[in-house]
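Protein chains: 6
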Amino acid sequence: MTKSIRETAEKIRKLEVQGARNVAIAAINAIEASAKQTRATSKKAFLEELSKAKQELFASRETEPLMRNAVRWIISQVEANREKQPKKLTALVSSSVRQFLKELEVSKEMIAETGAKRIRNNSVVFTHCHSSTVTHLLKRAKQQGKKFEVICTETRPSCQGRTTAREMLEIGIDVTMIVDSAARYFMNEADLVIVGADAITSEGNVINKIGTSMIALVAHEARTPLYVVSELLKFDPATIYGDYEKIEERSPSEVWQDAPEGLVIRNPAFDVTRRDYIHGIICEEGIVSPHSAMEVVRRRYPWVFAQSTS
Amino acid sequence: MTKSIRETAEKIRKLEVQGARNVAIAAINAIEASAKQTRATSKKAFLEELSKAKQELFASRETEPLMRNAVRWIISQVEANREKQPKKLTALVSSSVRQFLKELEVSKEMIAETGAKRIRNNSVVFTHCHSSTVTHLLKRAKQQGKKFEVICTETRPSCQGRTTAREMLEIGIDVTMIVDSAARYFMNEADLVIVGADAITSEGNVINKIGTSMIALVAHEARTPLYVVSELLKFDPATIYGDYEKIEERSPSEVWQDAPEGLVIRNPAFDVTRRDYIHGIICEEGIVSPHSAMEVVRRRYPWVFAQSTS
Amino acid sequence: MTKSIRETAEKIRKLEVQGARNVAIAAINAIEASAKQTRATSKKAFLEELSKAKQELFASRETEPLMRNAVRWIISQVEANREKQPKKLTALVSSSVRQFLKELEVSKEMIAETGAKRIRNNSVVFTHCHSSTVTHLLKRAKQQGKKFEVICTETRPSCQGRTTAREMLEIGIDVTMIVDSAARYFMNEADLVIVGADAITSEGNVINKIGTSMIALVAHEARTPLYVVSELLKFDPATIYGDYEKIEERSPSEVWQDAPEGLVIRNPAFDVTRRDYIHGIICEEGIVSPHSAMEVVRRRYPWVFAQSTS
Amino acid sequence: MTKSIRETAEKIRKLEVQGARNVAIAAINAIEASAKQTRATSKKAFLEELSKAKQELFASRETEPLMRNAVRWIISQVEANREKQPKKLTALVSSSVRQFLKELEVSKEMIAETGAKRIRNNSVVFTHCHSSTVTHLLKRAKQQGKKFEVICTETRPSCQGRTTAREMLEIGIDVTMIVDSAARYFMNEADLVIVGADAITSEGNVINKIGTSMIALVAHEARTPLYVVSELLKFDPATIYGDYEKIEERSPSEVWQDAPEGLVIRNPAFDVTRRDYIHGIICEEGIVSPHSAMEVVRRRYPWVFAQSTS
Amino acid sequence: MTKSIRETAEKIRKLEVQGARNVAIAAINAIEASAKQTRATSKKAFLEELSKAKQELFASRETEPLMRNAVRWIISQVEANREKQPKKLTALVSSSVRQFLKELEVSKEMIAETGAKRIRNNSVVFTHCHSSTVTHLLKRAKQQGKKFEVICTETRPSCQGRTTAREMLEIGIDVTMIVDSAARYFMNEADLVIVGADAITSEGNVINKIGTSMIALVAHEARTPLYVVSELLKFDPATIYGDYEKIEERSPSEVWQDAPEGLVIRNPAFDVTRRDYIHGIICEEGIVSPHSAMEVVRRRYPWVFAQSTS
Amino acid sequence: MTKSIRETAEKIRKLEVQGARNVAIAAINAIEASAKQTRATSKKAFLEELSKAKQELFASRETEPLMRNAVRWIISQVEANREKQPKKLTALVSSSVRQFLKELEVSKEMIAETGAKRIRNNSVVFTHCHSSTVTHLLKRAKQQGKKFEVICTETRPSCQGRTTAREMLEIGIDVTMIVDSAARYFMNEADLVIVGADAITSEGNVINKIGTSMIALVAHEARTPLYVVSELLKFDPATIYGDYEKIEERSPSEVWQDAPEGLVIRNPAFDVTRRDYIHGIICEEGIVSPHSAMEVVRRRYPWVFAQSTS
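Protein chains in written order, with the working numbering: chain P, 1 to 310; chain Z, 1 to 310; chain C, 1 to 310; chain X, 1 to 310; chain G, 1 to 310; chain A, 1 to 310.
Just so you know, the hints here were simulated from the structure itself, not pulled from any lab data.
Some hints here could point you the wrong way.
If several chains are the same, the list does not tell them apart, and a pair holds so long as it fits within one copy or across any two.
Said to hold, decoys possible - Calculated cross-link-like contacts (lysine-lysine; reagent style DSBU-like; alpha-carbon spacing at most 30 Å):
hint	residue 1	residue 2
1	Lys246	Lys11
2	Lys117	Lys88
3	Lys246	Lys88
4	Lys117	Lys246
5	Lys11	Lys36
6	Lys14	Lys117
As the structure is a computational prediction, the values presented were derived from the model and not from experiment.
Chain P on its own, in the form it takes in the complex:
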C-alpha cells in the first residue's frame, strides 16, 4: 500500500475531501500515483497492488459509488489489456485516469447543456444542499443570458446551502435562502426543482442529502417537476443485492454541540427519493426516466455489473 493511497483514504474518511466527484477524482489520482511507485514485477503482482488500493479506498466511506465505479473501471482497463509489463501497465493506469477525468468533464458539460434548456426566462428554480453539478448547470443557464431566480434551503445540519447561495451571488443570480422546513411554504412559487445525487439504486431511486425525499414529495404534491442531475456512474451496483442500510449516520454534534445527556440525536446524511417523484435524471446521455435507470447503465457501462461483486 502506498502512502498516496493511505493518505487519500484518510482524507476521504475525515471528510477533508467531499462531494462524490471530488472523492472520485482524489481516489483515481491516488491510484495513479500509487501505480507509478509500483514494485510489482508481474502483471499479477501489479493487479494485487491495485486490489489492495481498491480495498483501502472502498473502506474509507460507505456510499461513494462514483469513486467505486471509477476505481473499478481503471482496474478493468488493466485486466482487459494484453500488456504484461508493469511499467507499461503504469502508463495504462495513467492514461485511463486521464480518460476517466476527461469523460467526467464531458459528462458535466453535457448535463449543464441539457439541464440549462429546462430553465426558461423568469423561472424560479428550487434546489437543496450544494451540488457542483447543479451550480454548474445554473451558471450555464445564466451564461446563456437567461434571467431566473433560485430558492435554496440552508440544508441543516451542515448548511451547505450557504455554499450554493454564495456561488449564485458571485455570478449574479438572484437567490433566496429558506430553512429546510419552509420548502412546502415556497414550493408553489417554484417552476422546477433540481437536485444532485449521491447514488442511484437498481430500483431507480436516488440517494441524496437528507431532506431531498421530503422536497420531492412536496414538489410532487404541487405538480412541480423535479429533476436529478447525476452522472450515471453514481449508479451503485451493490443496491441490486442490498438495501438502505448503508445510509451514513454522522456525528450528533453536527446537530447540537452540547446536547443534554440522555438525548439521542439521529443524524442520517442521506435519504432515498422514490423514482415516482422524479421526472427525469439529467445525465451524460441527456434526460432519462429513473424507472429504467439500471437498464441505461447496463447498456452504457456493462463493466459496472461485471465487477459489482468485488
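Model the placement of chains Z, C, X, G and A on the given structure of chain P, informed by the hints.
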C-alpha cells in the same frame, strides 16, 4: 392608555412573551391591571378605555387569535352587564379575567386527558417545535404509566425542539432529536404525530410553526395519524374574511447571522396545514373534525363571531 | 294563475332569463305582481294562490335552488304572519320581496369583499364559464387597485367564457382565453381558481357548469386553491333525499348543429365538484368549509329545511 | 337487578342477540320489563334501579353505541320528567320505549327511501357483510321496480355475506358473491358501494365490520361512491375522549378451528373507515357529510352529549 | 432543392397535410421524387442534396418526430451503403422509402391486432381527437365481431372528434359525442381510454392533442386504464436534450374568429401526458411500459439516436 | 404423444401439481421422459414430437408462463443445435432439462440471498397466500440469525396461508394469521410486504393470487414497501399482445360448498397488481424496477421473445 398595557404590548412585540397561551394571559392580566387604574366616570368612558387597550394589544403582534379572543371576551362581559358604575365594572373585569384563566386551565387538562388516551404502550410519538399543550399531554401519558418514545425535530431557525427535548428528558421520556428535513426518513417509525397550533381558520386549516404542513404531508403519505392539540379559542374569526397574508416574517438573522450581502432570506414563522392532513383537533371538547371546526366554535363561543369585526 | 307567473315561468323555461340570481329575482318579482292581483278573500285562498304560483315556477326548470328557496321564503313569511287580510298579505309579500332582494345585494357585496382579499398583486386567477358573482368579485379587486390577470376558458358549448372575457376587458383586467381542455396546460401558471355555483348539496359538493369538476381535479393535482363563490341559498334541500339525477341535459344542437344521423350527443349542463377539491365556499358569511356547508345553512336559514318537502 | 336485565345482558354477551339494532331493541325491552317489576318507592330509588340496569347492559359488549344511546335516552326521559311516583314512571318508561322503537322504525324507512334514490336502473351495488338497514334499502329499490345487481363479499370469518346473498335471492335481486380479497378485482364493475355501520366517531370516521375500510379504499381508488347507511344514534360519544382501542377481538377459532399450536390468530371484528373515503352517511335526516357528523348529532340529539360521561 | 420538397414542406406548413403518419409519408415520398431528379455526380453531392431536403422538411413544422425519424432513416440507409453512384443511390432511396412505408403499414396492423384484444364485448371505449391509428384499431375490433361503444370528445378548437364520430358511424359502431370538459362526467362509464400520440419523450411522457393530459388525469382518478397507440418512431430524440418548449401554438382565430381587441387567446395544439397516467404504449412491438420507452426504442431503432443531433 | 406427457398434463389440469415452479419442473421432466422414448428417425420428426408435447402441456392450464418458458427453452436448445441424430438430441434434451433445473435452483438461492437482506432485526413482514420462493427467503433470513415476525393472511378460498403459517412455525418464526380483509387493519404494523408471482406482464404488472392487488394498494397507502419475488422467467410474452382475459376462474364450490340456487359465485384465482404499487421485483438478477421488467427479460432471455408467438 395605562402603563401596564403599553409595557405588555411592548413585551409581546419584542417576543419577550411567547407562546399563544402566555401572550393571552399577559394581555388580559394587563387589561385587569389597567382597569384597576381607571379614571372613567361612566360606563361609556370605561368601555372606551378598554377599547384603546384592545387596539394597543392587538397591534402588538399579527397572529394571536387566542389573545384577541380573550380580550374580546372580557370586553363582551362588560358590555353585556347591566352594571353602570366603573368601580363595579373593574371588579367585573377582574372576575372575568379569573374565569378566563381558569377555563384555560380546564381546557389544558381536558386536552391532556383526551390526547393521552391516544398514546399506547410502545407508541412512538412524533412532534415538531415546542408546544406547552403538547408537552403537558405527553407528561400526562407518562404519569399514567405508559411507556413510549418521542421523536422531535430541532425546529429551525430558533430550535424550539431543544426545549421539547429537555422537557422530555426531565420527566424520563425517551426522546430522539432529528433535523427538520429528516422527518420523512423517520416517519415510518412513528405511530402518531401530535403538534400544537397558533391559529385555526374558518376553512378548518391550522396555522402552526413553519414546517408543520410539510410534516403533515409526510404523515399523510405514510398513513400516520396527525392530531392538532389546541384550544378552540385559537380560532381566528378574521380568517372568515381574510387570507394567509398575515404569516409573520421574522428577521433573516435568525437564519444566518452574517449572511453575504445581496442574499435574500425569507423567514416565515408559520405555515398552513390543510384540514385534509389532520385527523382531528384535540380541544376542550374532546376530538373534533377540522372540517367542521368553525361550526364547533360557533356553537360553543358565539361571541367570538359577534365581535369579529372589531 | 296570473299572467305574470305564466310568462315568467315561460321565460325561465326558454332560457330567456338565465343565471341563478336572475331567475330568482324574476320569480319573486312575478310572485309580487301576481299577489297584487289577488282575488282571494281569505288567507287560505291567498296561500293557495301562492302555492299554485310556486308549483308553476318550480316546474319551469329543474335545478334552480336559489329561486326555489326565494319563493319558499316569501311564502313562509306569509304563513308565519298573523295577518289574515289578503290586502295586507299582499303588502307583506311586497315587503318580503324587497327584503329578499336587498339581502341578495348584501350577500353579493360581502362575497366580493371577502373574495377580493384572496387576490393579491400579480395573482393569476383562473375561472370557468361566466358567473356574475365571480366577475363582481374580480371588479372589486380591480377597484382596490390590485394588478392581476385572469385566465378564462371558452366554456363549450355555449361559450359563456366570452362574456367573462368581455367584462374583464371592459374594466381593464388582462385576460387570456383558452379552450376548456387546455385547463391542465395552464394550471401551473394560476395562483387561484374561482368559480360560481348553481347548487350546493347536502354532502357539501357543488354543482356548477359542466367542466368545473375537471378543473377542480386539475387544480387539486397542482395544489392550486379553488374557491367557490355562492350565496348559501343555492343549497338545495332536495339533495338531502335525492341524487345527481337532475343534471339538466340540453339540446345536442348546442354541440353540433348538423350532426350526422345516428350520432348520439350527450350535453349535460352541469357536473358535480367534490367537496375534497374545494378549499372553501365564499358566501355571505365569509369563507366556510364545504364539508360543513349543510350545517351552516341549517344554522342560518332553518326555514329552508322546514319547507324542503314541498 | 331484575332477571330480564341479567338474561338480556347475557344474550348480548354470548352473541345470541346480534346487530346494533337488535341489541338496542332487546336492551330497552329489558329495561321496560325490569321497570314494570320495580320495588322502588321513590324516584331516586327508581333511577338507581335504572342506573344499575344500564351498567349491566353496557358491560355486556364493548362497542354498542346505539344500545347505549337508547338506554341513555330512556333514562333521560325519566330524569327530565316532573313525575315522582314510581308507578307513573314505569308507565313513562314504557311509553318512552315505544316511542324510541317507533322512531327507529321511522329512521329505517327514511334511510330506505333516501338510499333507494341512489340506485338507478342497471346499477351494480357492492356491499360487504350483512346489514339489515342495507338490505331493507335494497328491497325498497326493488319494490320501486328498479332493476339492479348486487355484488356481496362472503365476509370472513363468519360469512355474514351468505345471509345478504340469501335475502337478495329471496326477493329476486341478482346477486354475485365473491371472496373478500376480490373486492378490487370487481370494483370497477360497481357503480356504488353501500355498507352499514356499528359506530360513528367524533372525527367522522365509521366503525364497521372488518374489511370495510379496505373496500372503502378500493372504492376511492376507482372513484366509486361509497355510502354508509346508519342511524345517527350510532354516534359514539365516548369517541370524543377515546380512541380505537375498543375494537373487539373475537375468538381465533372463528378463523381456524384447529390451528396449529403456536400460531397467533388475530381476529378483530371491526375496522375504522376514514371520513375521506365516505361520500355520505345516509341517516334519518337524509344524506349528510361524515365530516360534520358530530355537529349533526349535537343539533339533533343534544342529550347524547349531556350523558356521555356516564 | 427540388420543387417536390418545397411544395411538400409548404403543404405541411399550411396544414394541408395533417396527422403524423400522413406528414411522414408525404415527406419521404418527396425525398424519393427529389432523389429521382438528382443532378449529383458524387455520393457526397447526393448526400448534400438529401441534407438540404431534410433541413427544408424539418423546418416545416416543429413537432413531427415520425417524419423526422423517417427522413433520418432514409438518409442513414444511403450513408451506410457502399454504393457510390448517384443513380444507384436513387434506387436505394426508392427501395428504402418502399420499405419504410411497408413497415409503417405492418406497425399499424400489429397495433390494431394488439389493441383490439383489449376491447371486449360491451366495452365502452373513450377517445379524444382523431387518430387514424385509433380508428383503425376500433375497426379491427368491430370486424372481429365485438360489440362495443365509443365515447368521443368534440376536441376543440378544430373539432377533429367529428371525424372520429363519422368514421365510427360509417362502420356501425355506436358512438356518443360530448364536449371536452364533460370527460370527467362520463369517465366512470368508460372501461378503457385509447388515444393516439404525436411524440414520445425520453422521459416516457406522451405528447398528444391538447386535452389528452387532462383526460389521462381523469382516467387515473377513476382507475380507468389509458392506452396510447403509437409507432415507436414517434419517439423524439431531441427530447433527450430539450423540453416542452416546442408545443406549437396555433392561431387564436381557431378559438374565436372575431375576438374583441385586447383579448389574449392562447391556443397550444398539444399537451404532455405523464407516463404515470399511461398504462401502456401499444406499438409495433405490442404493449410496452412508457417508463422504459426510450430503452425499447434504443434496442429497436439504434439509428434514431445516432442521428439525433442533426 | 407419450404417456408421461399425457399424465403430467392431466395432473396439472387437476391441480395435483401446483405452484408455478412445481408445474414447470413436472413439465420439463415429462418432456425428458417423453424424449427418451422417441420413435423419431429424423430431427424434424423429433421436433414434431416435442411440439405436440408442448401443445398438450400448454393446454393444461391457462396462466403458467414459467412452465411455458421452460418448455420453450428446451425446444430452442434442440432447434439451435447442429446435431441431427434423435438419440443425441434425446441426450441434449436431458442435459438441457438438468441445466434448466439447476438454474431454477440458482435463481431461488439468489432471490433468497437478496431478499433476506431486506429483512432486518425486529422487522414485521407481511405476506399473502403461499409461495415457496417467499418462504425460502424467510427461512434464509432466519438462518442468518435475524429475529423478525411474519403476518400472513389466510388467503380465501383455499387457505394457502395455512401452509405458510405452518412452515413458519416449523422453523421457529413468530407468525400471526389474519383474515384477508384485515390487511388494512394490520398494515401499519408491517415494515415490508413480500409476495410471490404467477406471471409478469409486458407492462410491468404482476399477476398473483387474488387479493394481492388489494394488499399492494393498502401497502401503498401506508408507504410500506412491497416486493415481488419471482424468477424473471415468469414473464409472459403473450401479454405483449394480450390482456387480463386469462385470469382463471375456479369452481364456485371452493367459496361455498352448498350455495343456494340462483347465487352466482365468481371465483377468479388471480388479480393484477399495478407496477406503481411494487417497489421492486427480486429476481435472479437482484432487485429490478417493474417498470423496465420487459427490457430486463429481453436482455437476459432473448429467446423468450423469439418463440413468443408459438
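Now the hints, each set against the structure:
1. In the homo-oligomer, the alpha carbons of Lys246 and Lys11 lie at most 30 Å apart inside one protomer (20 Å), although the nearest pairing across protomers, at 48 Å, exceeds that limit.
2. In this assembly of identical chains, the alpha carbons of Lys117 and Lys88 never lie at most 30 Å apart, being 44 Å within a copy and 42 Å across copies at closest.
3. With identical chains, the CA atoms of Lys246 and Lys88 are never at most 30 Å apart, being 38 Å at best within one copy and 52 Å at best between copies.
4. Taking the shortest Cα distances, Lys117 and Lys246 sit within 30 Å of each other only across copies (12 Å), while inside one copy they are farther apart (35 Å).
5. Proximity of Lys11 to Lys36 under the C-alpha cut-off of 30 Å is restricted to the intra-copy arrangement: shortest distance 20 Å within a copy versus 66 Å between copies.
6. Proximity of Lys14 to Lys117 under the C-alpha cut-off of 30 Å is restricted to the inter-copy arrangement: shortest distance 29 Å between copies versus 37 Å within a copy.
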